[in-house]
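Peer 1: Chain A is already provided as a structure; the job is to place chain B on it using the hints.
There are 2 protein chains.
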Amino acid sequence: MTTVGFIGLGSMGMPMAHNLLAKGFTVQGFDVRSDSVAALAVRGARPAATAAAAAAGADALVLMVVNAAQAEQALLADGALEALPDGSVVILMATCPPGAVTALAARVEAAGRRFVDAPVSGGVVGAVAGSLSIMAAAPVAVVERVRPVLAAMGGKVFHVGGQPGQGATVKTVNQLLCGVHIAVVAEAFALAAKVGVDLDILLEIMSGSAASSWMLKDRGPRMLHADPEITSTVDIFVKDLGIVLEAGRDARAALPLAAVAHQMFLATSGRGEGTTDDSQVIRSYHALNGTNQESRPEPPDRLIQA
Amino acid sequence: MTTVGFIGLGSMGMPMAHNLLAKGFTVQGFDVRSDSVAALAVRGARPAATAAAAAAGADALVLMVVNAAQAEQALLADGALEALPDGSVVILMATCPPGAVTALAARVEAAGRRFVDAPVSGGVVGAVAGSLSIMAAAPVAVVERVRPVLAAMGGKVFHVGGQPGQGATVKTVNQLLCGVHIAVVAEAFALAAKVGVDLDILLEIMSGSAASSWMLKDRGPRMLHADPEITSTVDIFVKDLGIVLEAGRDARAALPLAAVAHQMFLATSGRGEGTTDDSQVIRSYHALNGTNQESRPEPPDRLIQA
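Heads up: the protein sequence lines correspond to chains A and B, in order.
Mapping the first sequence onto UniProt numbering, position 24 (from 1) lands on 24, and the numbers just tick up by one.
Mapping the second sequence onto UniProt numbering, position 6 (from 1) lands on 6, and the numbers just tick up by one.
It is possible that part of the hints are untrue.
One copy or two, either will do: identical chains are not told apart, so a pair holds if it fits within one copy or between any two.
[To be verified] Here are the simulated SDA-like cross-link-like pairs (lysine to any residue), alpha carbons at most 25 Å apart as the crow flies:
id	residue 1	residue 2
1	K239	E72
2	K217	V260
3	K156	G208
4	K217	S131
5	K23	L224
6	K156	A22
7	K217	S207
8	K217	G123
9	K23	Q163
10	K217	A259
11	K23	G126
12	K156	D200
13	K217	E204
14	K239	G208
15	K239	G126
16	K217	L203
17	K156	D218
18	K156	P221
19	K156	R145
20	K156	L224
21	K239	D227
22	K217	V125
23	K217	G126
Since the hints were made in silico from the structure, they are not lab data.
Chain A extracted, bound-state conformation (with noise of 0.2 Å):
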């Protein structure tokens, strides 16, 4: 396993590319944008003209594109698969929900190569450190084999399932726990700031006691501003607990806390606000109520340290 072509050299697939060069694979690298390609090139990798020409010969291919769209068009429509080697495997590391993760394996497997559902956690700071979770799914015998591959990218591999569809399952898990995490601090200051209770020291006491999570650490402060830095966008957890709410319907599970945090995002996205940082999911907490960002009340004198 030696030569890695690699379609989608985005924020992540850019790092992750590098990453591969680093570790001695070749690399023949494509994208849309042929400017990313020539960059990837300059590190020293064989810059392909087309989807197929980056699959020819290699022996994986990894997608990470944006979506499970992009992966069908340019494994089919593009001709990646049939361009790639008999018994090679693709290695689909772009988040996209499981059942479309699934489809695209059979179809892979009935074309004679082999597919693995890889997708991925942490983040560009992780993509670039190499230090990426990655969650593997396909038979034991087809993660083993691409292992160096994963291994040069990730910092842990994990192997979540036999079946294709499940690795992307884990990530939409993850989705839900994120997507509802948020929501219900937006829905715990919302009552605060309907009663009058002065929200950074509700910030600072929930931070440190068995209510924190890492969303209440990251998003909490941010919900205390009206305008805050955008890091991900309200319509990302549209799609997301969308993918979520897909996953639930198509294994027949009842989600309800993930369907009642689906619709407060798709009330922000429906006034418009979209594309405000996913902490602003509050507002629709706020319309409800009848409250606002300035509800909230005069500071009392802060911490009294004993």
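Peer 2: The following block gives chain B in isolation, referenced to the frame of chain A:
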């Protein structure tokens, strides 16, 4: 402020009274269980035979009883309020509904005594260590007067607002987050179980991602067992999320996530499982989805280290 009456010498109240004694306060202790009164007397407290006796001549009266009904019983029916000197301060530290706290405060103020709403977080560990977080709500001058008493029991004393009831509200918001966080972990694990993802690996990945929460790390592992050790019961959250929803009704604030989470705890209790560990709210998801603790697939090869 040297003499403190203390009513409610349970698992929280007893160590809190110990810390008052250790800081040099004269403590007049009362509990319905006379052996608790005797035990505190051994540590140097004045034993009180009645709630009124604990209040007589005290500069402040701490109430660490089970609920608002017990606080009302001690203050009104049992004569503690009447026995308190004019201008002395009632400090309610039990977890009570904000509305009940506001009503009780009005009764106390009408009788010429002052009232501080001061619930705590930190549990028995914090009570013993004197490191409780205390959420005090009252006019700043009143909080200042009892500051030495609060500081003897808490590591941090937060002044969360000028009106009694706001402390109870902060504690209520804390419980809103805790309850929804437990339920959403159950919802996420139940989805994973339905689609056949290994829950040990899922917990390992989520605990290290943006999906993490204090409750995920604490309750998550207990959700993987059918009968975990009980640290706090399902019925506690049936009660606490009930208080949350009552606070929302009083404030006219919509709490859709808390309402859904309450239903899941309620159904668990309704099946006769209210005295199980609160992590077992996952059983309501299993009941809905037709899964169970044994629905977990055989773990595939675990962590493949990069």
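Peer 1: Could you work out which earlier hints the structure fails to respect and list their numbers in ascending sequence?
Peer 2: 5, 9
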